[in-house]
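K.L.:
Read top to bottom, the protein sequences are chains A and B. Residue 495 in our numbering sits at position 495 of the first sequence, with consecutive numbering throughout. Residue 1016 in our numbering sits at position 39 of the second sequence, with consecutive numbering throughout.
Just to be clear, a hint being listed does not mean it is correct.
As a list, the in silico DMTMM-like pairs of lysine to aspartate or glutamate whose alpha-carbon atoms are at most 20 Å apart [stated by the list, open to error]:
(1) B/Lys1008 - A/Glu202
(2) A/Lys866 - A/Glu574
(3) B/Lys1008 - A/Asp288
(4) A/Lys321 - A/Glu348
Don't read these hints as lab results, they were simulated from the structure.
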Amino acid sequence: MDGSFFRSYRRCDVRDSEVLVAVTVPFTAQNEYFQGFKQARRRDDDIAIANAGLRVSLEDDVVTSVTLAFGGVAATTTLAAETMERMKGRKWNEELLQIVTKSLVEELEVAPTAPGGMTAYRTTLLPSFFFKFYLHVRDELSRTLETVSALAGHERALLQPHVRPPHVATHLYEKVPSDQSPIDPIGRPLVHATAHQQATGEATYVDDMPCYCNELFGVLVISTQARAYIVSVDAAEALAIPGVHIFLSAKDIPEERNKCGEIVLDEEVFASTSVKYVGQPVGLVVADSEDVARRAARLVRVTYKVVDKPIITLQEAIEAKSWLPPFTAYCGDVSAAHAAAEHSLSGEVHVGGQEHFYLEPNAHLIVPGECNSTEVFCATQCPSTMQKAIARALGVPANLVVVRTKRMGGGFGGKDSRSAMAVVPAALAANVTGRPVRIVLERAEDMLITGTRHPFFARWRVSFNNEGVIRAMEMDLFSNAGYSVDFSRAVMERAIFSADNSYYCPNVRVTGHVCITNLPSNTAYRGFGGPQAMLVREDIMARVAAFLGLDATRVREVNLYKDGDKTHFRQQLEACSVRRCWADVKEQAHFKRRQELVQEFNRTHVYQKKGLAIVPTKFGAAFTIKFLNQAGALVMVYRDGSVLLTHGGTEMGQGLHTKMIQVASKALEIPYNKIHISETATNKVPNASPTAASMSSDLNGEAVLRACQVLRDRLAPYRKQHPDAGWDSWVAAAYLDRVQLSATGFYSLPNVSPFNFETQEGTPFNYFCFGVAVSEVQVDCLTGDHTVLRTDIVMDVGKSLNPAVDIGQIEGAFLQGQGLFTLEELRYSPEGELLTKGPGTYKLPGVQDIPCELNVTLLREAGNPKAVYSSKAIGEPPLFLAASVFFAIREAIAAARSDERFRGHGISDSVPRNTTASTKTVQSGTSCNLGAATSTDFFRLDSPATAERIRMACCDRITDIVRMPTPGTYKPWDVTV
Amino acid sequence: MNPLVFFVNGKRVEEQQPDPEWNLLWYLRSKLGLVGSKLGCGEGGCGACTVMLSKLVDGQVRHFSVNACLSPVVTLHGTAVTTVEALGSAPDRLHPIQERLAKAHGSQCGFCTPGFVMSAYALLRSQPTLPSLEQLEDALVGNLCRCTGYRPILEGLRTLTSDGQTTCGRADCCRNREY
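Hey, can you work out the whole structure from these sequences and the hints?
P.N.:
Have a look at this one:
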């Protein structure tokens, strides 16, 4: 087998009559060395971005034969033949290294248009791999040859194989007081109410429900164009397949009923005259089985006429001014403060989106009933919203539609409004056929159709003094909303309210532009715009610190909110715990000592750098849309004393039902195992708000409490009469006395008023959650690989209803945030097609990506008078703490950039520097300005900090000679949206 | 023609005319009504459909964890498939793997949980001695969880390893102390 074995993409030199029987890998001979290298997005279970197999045979230190094979640089595995030729007969020394470095880049440079993207990074990896190989061989040679110099400590360190220390974790929370009643479960770490059923596989999700004997399956026909007119839709061929029942499209429904949309009716169930993104539903094929429906759906011919170029990226949207009317929150006098300040700095940063990747794709089952009624089993966060949407599409009143949600296999905001994309077409089909219809999206469909977290782009300008105290901040936020409004305005509102993160600034102006593009409608995602804006704010803190040559921790500290401070939207902070969290986590993390250790590591290491960062977070609790701050509950007590509880919230894994059972248990003073929650349904609790905004425990908890109080009052006479008889007896006696044993509870949040952007008045939040995290990372500066060594978190959760559930939310949100800020990268073609359509290309954090050490503490002696049993919202608030990993990476990169030993390695000064390196495109978002003084190296680092971005930001003589293509001069494989 | 014969949870399954397009996950869920194994991605990337496959290799029964979504039914002749349904049940008794995972708060939405259980189960069955912590982590690399952040899953399962006996990984774990 040699360089000619692989002939072209997925073709090799094997005849049809031949079978490859074996590949023999010989042992290395004396003075022969081999090493393999691989760099992927995720260390485990991921294909290589680039890899290498490097072999050399030497006589003394002279190369006699060599093989340099590289993958990920061309359509096939490729030999660097010219470089190999140049190496022969040369001594294994610095000169050879320089020749190979330069030669590899020249010979194997990945064209900017190459499939797979990341082209400059892939080229950079080749000499980076070789550099490691060079050191390895030099190390071996130096053992026997005096002429070869031994490796220095920092060089040897680079050769150590990657080892993850065993994972450790600590959790600290307050135990319940010793005098708390043993049956009072509040504050106790109860396991998830259905954990046992989940572990055995008995927990039922929608697609686990048995089929009706007359059930049909629906498959959506989706658009392949991002912006085009529909010329025709021809389903004749699909309908000819046996087993296909109907094909539904826009012309099968009255125009008015085809309209849909969460807040504005700007969407269509089926695209009628034009399509606005790749993945937009055009029709639905309904057949006897999924298999038949899928085959038929592929045969539906949709012809398009493309007139206008689609708007895909935020940059394109900004150029076209494709946005909703912008809105601004402000305070103080920004211009005057800028003018008066000692320093000003401006910058730009991009924060990528994120696919929800709930493990259970969209699944719904619609069962038509008599009198035009419909029963819907729906994996959604908002049954009542789906009820409304289905009733609208069917042209029936809402009382004929019952939506039932038992549980979801994850939601994270993705099964909020966007559930309608699948459930409404299927409901129409059930209505037309009069038969049950099931729709279950494939993973790729789900990712194409339902939208993601909003990508954000920001321009900012701040003014500050020598200590880094920020006196003025302007921020222009641009979100990529996709093709429809959906929640995008509300997402931008929360982004604006999060632009302070946890820092006081008296003069602020934050403007939000919701950009309409030809992408799927981007939607709610855990944090709802907050994490993106807070990342921008932390980018400011990091770059101000770099500008001043100060420790970023110090700059963050001097700006932290104090109790009683007012935010830029003029809401006063009461019981602000951020400074307590800050002090506690610094102590828990031994911050000062470890900062010194990190500095010491960075002094003794050249190619590996560590970074340590502390980042706070703030989260305003309330729906910013006022009317959503309401909830209902229905508590039914049966004659045997058992209790069936229903409330307006849905269970998607977050433990809401567990917490609600705990609340009812305490309120009724009965053991929690007497209480059961079956499902969430629109015929039990009407008009429930979506399970969103982290508010479900606050709102539904109060509603449950109120319903329970009614029942307690009704049972009070029986309790008084026979205090020792017990709950079951009181219930039985009350029943015989004809006392009503069911009660509803209702709660609407007082004291919040929507923020009015015209008058700058309002109190959008009920209270605020705070938390602070410290993370330490180690970066391999030659490959961009990183490991999170340790994370410490202190989170204010008030008085936890269930510390195990709350810690689960903190850890889960943290890792999801870590994915957002480091690993997960949605990639779109320039034409707007999502290229990352499954777990093979879209990498979530895996078990080996979690911090090696993870310590979580629930803030001691915390409380909250404003929510049920003094608890606090928990679902979203901790997510942004993962930014501590992002900024620790940034610190590590900065250490590499300021280390002359790293910047200068690998190639001699005689090689001319590539001047275009400083204009690296938005795609990598980093700039390599080696000429800048280290103290003012306030480089740009976009999110996520992928291996590509990390490597390309660690500028050295390799990145210097790699050609950075000029944007606009070529058509890239993918674009940053 | 001989029928295709394999075993699922100890029961003999015979197919006279197996369709080459059938994959094991679809077969389990749709034909046998065993819905504990979940369809998360259909490309072997999430592990929610993990089951254990047992077959004779060189005269020895060997156990493997496989992605049911990628396993053609026609390749299963003479093998035995074990799904999460065979391990334990909530009304009756949980398998220790299931119990430890549940009690460690290792399930939130629960959709990935059967897959984790089966990856761990196949690991324990595949060797006569307890696996090491490193082997456990390696065995879970193909299972994605979007809710928990993995820590509680590891905490529950590491008690089944030879070197990870404390749940948190610390030698002075508070759960081992007498109070």
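K.L.:
Output the numbers, in ascending order, of every earlier hint that fails for this structure.
P.N.:
Checked against the structure, no hint fails, so every one of them is satisfied.
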